[in-house]
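Add chain B to chain A, keeping to what the hints say.
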Amino acid sequence: FLQHVKASFGTLKPEAKNMSQQAVNGVSHRGKVLTLDSMNPNVKRVEYAVRGPIVQRAVQIEKELKEGVKKPFTEVIKANIGDAHAMGQKPITFLRQVLALCSYPELLEDNMFPEDAKKRARRILESCGGHSIGAYSASQGIECIRQDVARYIERRDGGIPSSPDNIYLSTGASDAIVTMLKLLVCGEGRSRTGVMISIPQYPLYSAALADLGAVQISYYLDEDKCWSLDVAELRRALNAARQHCNPRVLCIINPGNPTGQVQSRQCIEDVIRFAKEEHLFLMADEVYQDNVYAEGCKFHSFKKVLFEMGPEYSSTVEMASFHSTSKCYMGECGFRGGYMEVINMDPEVKAQLTKLVSVRLCPPVPGQALLDLVVNPPQPDEPSYTTFMKERTAVLAALAEKARLTEETFNTVPGITCNPVQGAMYTFPRITLPQKAIDKAKEEGQVPDMYYCMRLLEEEGICLVPGSGFGQREGTFHFRMTILPPTEKLKVVLQKIREFHLRFTQEFS
Amino acid sequence: MKQLEYVVLARRVSQIKEELRQGVRKPYKEVIDVSWGDPHRAGLKPLTFVRQVLSTCLYPELMNSNRLPADVRQRAQRLLGGCAGGSVGSYTATEGIPEIVHSVSEFITRRDGGVPSDPENIYISPGSQWALTNILNVLVNREASTRTGVLTPMPCHSATTLGIMGLGGVVVPYYLSEEQGWELQVEDLHQALESAKGVCNPVALYVINPGNPSGQVQSRKSMQEVIRFVSERRLFLLADEVYQDCIYGENSEFVSYKKVLTEMGPPLSDTVELASFHSASKGFMGECGLRGGYVELVNLDPAVLKYIKTLFSTDSCAPVLGQLALDLMMNPPQPGDPSYPLYDMETQHIRTTLVHNAKRAVSVLNSLQGFCCQPVEGGAFAFPRVYLPPKAIQKAKEVGMQPDTFYCIRLLEEAGLLFSAGCEYGQKEGTHHIRFCIMAPEDVMEELLKRLTSFHTQFMKEFS
Numbered sequence: 001f002l003q004h005v006k007a008s009f010g011t012l013k014p015e016a017k018n019m020s021q022q023a024v025n026g027v028s029h030r031g032k033v034l035t036l037d038s039m040n041p042n043v044k045r046v047e048y049a050v051r052g053p054i055v056q057r058a059v060q061i062e063k064e065l066k067e068g069v070k071k072p073f074t075e076v077i078k079a080n081i082g083d084a085h086a087m088g089q090k091p092i093t094f095l096r097q098v099l100a101l102c103s104y105p106e107l108l109e110d111n112m113f114p115e116d117a118k119k120r121a122r123r124i125l126e127s128c129g130g131h132s133i134g135a136y137s138a139s140q141g142i143e144c145i146r147q148d149v150a151r152y153i154e155r156r157d158g159g160i161p162s163s164p165d166n167i168y169l170s171t172g173a174s175d176a177i178v179t180m181l182k183l184l185v186c187g188e189g190r191s192r193t194g195v196m197i198s199i200p201q202y203p204l205y206s207a208a209l210a211d212l213g214a215v216q217i218s219y220y221l222d223e224d225k226c227w228s229l230d231v232a233e234l235r236r237a238l239n240a241a242r243q244h245c246n247p248r249v250l251c252i253i254n255p256g257n258p259t260g261q262v263q264s265r266q267c268i269e270d271v272i273r274f275a276k277e278e279h280l281f282l283m284a285d286e287v288y289q290d291n292v293y294a295e296g297c298k299f300h301s302f303k304k305v306l307f308e309m310g311p312e313y314s315s316t317v318e319m320a321s322f323h324s325t326s327k328c329y330m331g332e333c334g335f336r337g338g339y340m341e342v343i344n345m346d347p348e349v350k351a352q353l354t355k356l357v358s359v360r361l362c363p364p365v366p367g368q369a370l371l372d373l374v375v376n377p378p379q380p381d382e383p384s385y386t387t388f389m390k391e392r393t394a395v396l397a398a399l400a401e402k403a404r405l406t407e408e409t410f411n412t413v414p415g416i417t418c419n420p421v422q423g424a425m426y427t428f429p430r431i432t433l434p435q436k437a438i439d440k441a442k443e444e445g446q447v448p449d450m451y452y453c454m455r456l457l458e459e460e461g462i463c464l465v466p467g468s469g470f471g472q473r474e475g476t477f478h479f480r481m482t483i484l485p486p487t488e489k490l491k492v493v494l495q496k497i498r499e500f501h502l503r504f505t506q507e508f509s
Numbered sequence: 001m002k003q004l005e006y007v008v009l010a011r012r013v014s015q016i017k018e019e020l021r022q023g024v025r026k027p028y029k030e031v032i033d034v035s036w037g038d039p040h041r042a043g044l045k046p047l048t049f050v051r052q053v054l055s056t057c058l059y060p061e062l063m064n065s066n067r068l069p070a071d072v073r074q075r076a077q078r079l080l081g082g083c084a085g086g087s088v089g090s091y092t093a094t095e096g097i098p099e100i101v102h103s104v105s106e107f108i109t110r111r112d113g114g115v116p117s118d119p120e121n122i123y124i125s126p127g128s129q130w131a132l133t134n135i136l137n138v139l140v141n142r143e144a145s146t147r148t149g150v151l152t153p154m155p156c157h158s159a160t161t162l163g164i165m166g167l168g169g170v171v172v173p174y175y176l177s178e179e180q181g182w183e184l185q186v187e188d189l190h191q192a193l194e195s196a197k198g199v200c201n202p203v204a205l206y207v208i209n210p211g212n213p214s215g216q217v218q219s220r221k222s223m224q225e226v227i228r229f230v231s232e233r234r235l236f237l238l239a240d241e242v243y244q245d246c247i248y249g250e251n252s253e254f255v256s257y258k259k260v261l262t263e264m265g266p267p268l269s270d271t272v273e274l275a276s277f278h279s280a281s282k283g284f285m286g287e288c289g290l291r292g293g294y295v296e297l298v299n300l301d302p303a304v305l306k307y308i309k310t311l312f313s314t315d316s317c318a319p320v321l322g323q324l325a326l327d328l329m330m331n332p333p334q335p336g337d338p339s340y341p342l343y344d345m346e347t348q349h350i351r352t353t354l355v356h357n358a359k360r361a362v363s364v365l366n367s368l369q370g371f372c373c374q375p376v377e378g379g380a381f382a383f384p385r386v387y388l389p390p391k392a393i394q395k396a397k398e399v400g401m402q403p404d405t406f407y408c409i410r411l412l413e414e415a416g417l418l419f420s421a422g423c424e425y426g427q428k429e430g431t432h433h434i435r436f437c438i439m440a441p442e443d444v445m446e447e448l449l450k451r452l453t454s455f456h457t458q459f460m461k462e463f464s
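Read top to bottom, the protein sequences are chains A and B. Under UniProt numbering, the residues of the first sequence are numbered 1 to 509, in order. Under UniProt numbering, the residues of the second sequence are numbered 1 to 464, in order.
In isolation and in its complexed conformation, chain A is listed as follows (with noise of 0.2 Å):
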């Protein structure tokens, strides 16, 4: 015990002054209030692939290069975590601009910024709190931005109505569809209720209901059929999981994350009469909705699906979008900024999320206004038009670009399948890895893409999320790579994982 205690205690810094003798034995470790035992049970089966060891140690191995550590390489490519920005990708100037008007208006009666520009920031600026983005706003959002929001969604789906007051600003997706399976997940025992989710997924689903203390439902996408989606698989999982629990909600990532596929509108009707028939909930995470590159492929969003179905399903059906700043061309990770729609919910259900989401204040309102902007860009008669246009389709052109060369590259290496990256911003090609492989990770303690993707960034400063992160099926091994670095960088990553998947093989053979 003393051992152990003194093992973790290595880790902590002793406050110099006022340690005793006794606590840096490590007694003052016994009577803790807040031990393993104690603690929240649901917060110990958190996991999040995306921000896990691997990233750890890649953070390490930087340090050790600034420390001048000698490697096989001289920078680590962090190519674990879908931020366009950290990889090279430059804001688009427009919302930019903007934002910095918003944040010292003095720059009002300045010109070197636009009109156009200036018109949205007085405009922003005229619905916050004193004039100031620094006042909070209401929980749910800034009025006027939701309006905006509103009206943006009309836009897209051909006239189909939404109501502001069905719209909710987040702190990002991820804070409105935490919120949302919060206010979902609920009972006991066998009638604790089920989340339907993909194999793979995005990892903060998971972790959600992890934390949530949910039953998590897996369906399996189809990778022989570049990642599809089949209903009868969401039958197969959804029949099974009522042996053991309610099955309430269905959550559905499109474009996809981590598998880039972009459901085609047939499954998307498919989707909703099912949700339909089994009286689910249906969670459309859409925040890729412009990240769209294949030919053929096009972004429906499920609203709109679900009002061409008729009132039959758009008077019923309870849903639940969610759009973010994060991704499509802005890529403004750092700006956390979000939203969620509602449709069909019960009214006294709207009034308790109307408390759930007061309890962090609100979301920040630099998010908020830049949501606005991407919601009202620049119109053909504007003088930022131009230069807008320009940039976003140049931002859309690189990544399809990108997304081809990524698979066309993969398919060449013998022991890598790659399906199509139809959309979104990553890859999820499978590995073929040899026995001897195996058999190594587990000696080492490793599940076996953890120990693949760890040797390549030992090898060559590369980082990508292993396939276990975000599930897959047994037997197989995948791992995720984003597709954000620049082009000739990308083909440098490209090229190294190419040798590295070839020695790796070979070493194992």
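Because the hints were derived from the structure by calculation, they are not lab data. Quick caveat: nothing in here was measured; it's all calculated off a predicted structure. Cβ coordinates follow ideal geometry from the N, Cα and C atoms, glycine included. Do not rely on the hints blindly, as some may be mistaken.
Across the chosen pairs, the derived CB separations fall in these ranges [what the hints assert, rightly or not]:
(1) B:GLU143 x A:GLU474: 26 to 32 Å
(2) A:GLU67 x B:ARG233: 42 to 48 Å
(3) B:ARG233 x A:LEU183: 30 to 36 Å
(4) A:GLY31 x B:GLU179: 33 to 39 Å
(5) B:GLU194 x A:LEU183: 44 to 50 Å
Showing chain B alone in chain A's frame:
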């Protein structure tokens, strides 16, 4: 969870604002909204240096000219250097931009007269309430057969009580002693524990210093008693210290729980588990909307800390502008810097205003029949007791409102003042209070007090 009282008021205020916009005649031209602890909403201005740096970070082209002072440009450059890709649009490390986390720990050490602060135990979050909810999430064990209790002051701002309940915890109230200036008396802590017997398992004590809404600044002696109490009764101490820069009383001084704990020496200093919270929302900056706050964890089990880190990681990171605001708060311009004179002038002005407002509000309130207000030694609010006439209480019942909500609705309708009702915060049965923010420009405070005086006199007469 009961219906939030302020929703009633919030709904009505939107309507009134709309009516005013349409030119409907009212006894006032605009609504004065002092229902939140929000200095900017109430009319105080942001600090110029802060906003200049933030705008430059947002739009770095501003660095390529002399339109902004040199120290602004230098600071923006330094801060952007800590951002991936040189952009405030990138994610950051979970706990915050490392340089800023270090700034925070250095600030804490300076503030506490040299007591070391470990950056590893600091998490920057989207506002302090976010961090508090995460820590509560770790403390509140929903799976346990007995529910988890958190000792919470009465009165207390509703975000925390809602947060506790939302996590499935039980709010165990301890009543602050109004007649002694809202003092925290240890007997009330003991009483609270008694009341929890057979109801729940208390694991934590939540204390707000300076108080919200109470305005009290805790004495060192009282803080020592609290520390001894949590140690004896094995409670985790949650210290909400977001108003630490808002001190007005001549004889009041803020000292942090961490400092007092350290001064008390071992074994207490090595064993009492503490989470202290601070924020860029209050103080001179008042940047509530940017959502920048932090928690410092002291004496926690390292094994538990690992899980706390994973939990925070699922939130990605705090908004970058909020993180930058924290850095600017911890590292303001220094004498000799080009921005210093203006910065100094602005902060002095705010300080003078707030000290003046605190005194003036209390003095006016206590001059009126039917009000009794404890000294506002710190914090953002005045929280006077209102002695409502029985007829007013009766009327409130008839319209289905809490008596102090009724008072606030009438205050809004007739005087254009948006306050909040005491029932939102918890108060002794049969007592009524109202809360309003005193972090406002002097002229706004004067106007507010004038309208309040006139309304109150009228109201008391009407229901006499």
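**Report entry** Hint check for A:LEU183 and B:ARG233 - Cβ pair distance inside 30 to 36 Å
**Finding:** holds (35 Å)
Report task. Could you check the hint for me, namely that A:GLY31 and B:GLU179 are 33 to 39 Å apart, CB to CB? Result -> holds (37 Å)
Report task. Hint says 44 to 50 Å; check whether the CB-CB distance for B:GLU194 and A:LEU183 agrees. Result -> Distance hint for B:GLU194, A:LEU183 is violated at roughly 35 Å.
Query - Pairwise beta carbon distance, B:GLU143 to A:GLU474, judged against the given window 26 to 32 Å - result: holds (29 Å)
Query raised in the report: Can the suggested window of 42 to 48 Å be confirmed for the beta-carbon pair A:GLU67 and B:ARG233?
Result: Holds - the Cβ-Cβ distance for A:GLU67 and B:ARG233, about 46 Å, lies within 42 to 48 Å.
In terms of the numbered hints stated before, the structure departs from hint 5 and from no other.
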